[in-house]
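Sequences are here, hints too, so could you generate the full structure?
If you want the building blocks of each chain, they are given just below.
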Amino acid sequence: MSGNVLLEVKDLRKDFGDHSVLQGISTQICQGEVVAIIGPSGCGKSTFLRSLNLLETPTGGSVIFEGKEITAPGTDVNKIRQKIGMVFQQFNLFANLTIEDNITLAPVKLGLMDKEQAQKRAKELLGRVGLPDKADAYPAMLSGGQKQRIAIARSLAMNPDVMLFDEPTSALDPEMVGEVLELMKELAADGMTMVVVTHEMGFAREVATRVMFIDEGVICEENTPQEFFEHPRNQRLQDFLSKVL
Amino acid sequence: MQNFINEFTLNFIEKNRYQYIIEGFVNTLIISLFAVLVGIVIGFLVAIIRSSHDKTGRMKAGNFICRIYLTVMRGTPTMIQLLIIYYVIFATVNIPKVFVAVVAFGLNSGAYVAEIVRSGIMSVDEGQFEAGRSLGLNYRQTMQFIVMPQAFKNVLPALGNEFIVLLKETSISGYIGLTDLTHGGDIIRGITFSAFMPLVAVALIYLLLVTGLSWCVNKLERRLRVNER
Chain A
1 MSGNVLLEVK
11 DLRKDFGDHS
21 VLQGISTQIC
31 QGEVVAIIGP
41 SGCGKSTFLR
51 SLNLLETPTG
61 GSVIFEGKEI
71 TAPGTDVNKI
81 RQKIGMVFQQ
91 FNLFANLTIE
101 DNITLAPVKL
111 GLMDKEQAQK
121 RAKELLGRVG
131 LPDKADAYPA
141 MLSGGQKQRI
151 AIARSLAMNP
161 DVMLFDEPTS
171 ALDPEMVGEV
181 LELMKELAAD
191 GMTMVVVTHE
201 MGFAREVATR
211 VMFIDEGVIC
221 EENTPQEFFE
231 HPRNQRLQDF
241 LSKVL
Chain B
1 MQNFINEFTL
11 NFIEKNRYQY
21 IIEGFVNTLI
31 ISLFAVLVGI
41 VIGFLVAIIR
51 SSHDKTGRMK
61 AGNFICRIYL
71 TVMRGTPTMI
81 QLLIIYYVIF
91 ATVNIPKVFV
101 AVVAFGLNSG
111 AYVAEIVRSG
121 IMSVDEGQFE
131 AGRSLGLNYR
141 QTMQFIVMPQ
151 AFKNVLPALG
161 NEFIVLLKET
171 SISGYIGLTD
181 LTHGGDIIRG
191 ITFSAFMPLV
201 AVALIYLLLV
211 TGLSWCVNKL
221 ERRLRVNER
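Chains as they are written, first to last, in this note's numbering: chain A, 1 to 245; chain B, 1 to 229.
No wet-lab data here; the hints were simulated from the structure. Each hint can be trusted.
Below, a list of computed lysine-lysine pairs in the DSS-like style, where the Cα atoms sit at most 30 Å apart:
1) A/K79 with B/K55
2) A/K185 with A/K10
3) B/K219 with A/K134
4) A/K10 with B/K55
Printed below as a string of structure tokens:
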């Protein structure tokens, strides 16, 4: 672990009716860390990620972001979310807006930049994600990989302190996975704090600073990638790895 | 042929009878136009209240009132609503009949527009909403800039259809003694005792109006579809 604690999760619980998805998750995420979360489908890893920016409202426990308990009643969730970027499996680019407007909408409407600044920033970001000529295109005209790179650019436009990735490559055609992972690698190298729910074991092994295995709503094991993949201690993790590797 | 010209002259030219048609045409246009506007305002308001209630669980009272409104408006014939508004609600006040018709048809159309728009809001993928919220936009901003524009585009054909229905439904305005297009034609029929000319003329004018309206809606639809290329 390195740097300051950015996100702290204490005994996080989430029930959907009788079904308990998260059964008490506690962990800390420090500045500059890249945490990969893996686990079987339905284990609660996405729910956990979505609880970090309160897209899911936890039923118990607390999330502390930059020293503030965001699960406390009366928190300005919108303010918090400006600092927590999120990238979705299904991209979720705004279908009614051009790529440039997708990137500039939030910074402009939230009063963080004026239109001109935002457009300049969008141009920079489009260059950074390798799609400088797509400013005037609409999402429907792009490939999956391009959409996801734009989604990352849109998230970056808010200058977030941490970025959450919810299976960012799971909806992509195989040949497009690489371009998105490459971009994420660059982000990690630039020091972005990232929490990534993924099925890409290669990415977890190479890029993550820590890998977390969630099953049945609890963290079964978390460790450095090397230890995690080469000497898994937890029985369920061993079974899981033997199936996916 | 001579017969046709005679009929035409009798029904429209003699004693300037075409003026009944003109007056009716103007009234039908005014009623339809303003009723559509009233319907859109009411419809969007009700749809936003109802879908906000579904999404956030707030505005219980508002949702309840909206549901009563929808039940009543969609559960009773438009003609009865028109008669009640004219003979009961506005019985003691002296206001122009055209205004009464605008209120009646606007209220009625609003109910249908509301459910059309609500279906449009529900048809927008939840991910669009979540993406907006995850960037820090609040509920209203997300609805205004992301969900509603897409919902509107999705329901435009259904809205166009509703406006066509509304336009034709104004033909019952004659029941409160208002000279709309239908009633205007019918007055001529009462005077000349010939049915063909005035009724077919009226039908043709409706047809033209509806065709024009469809054309406008189609054009708007095509313009809004630029982001699907």
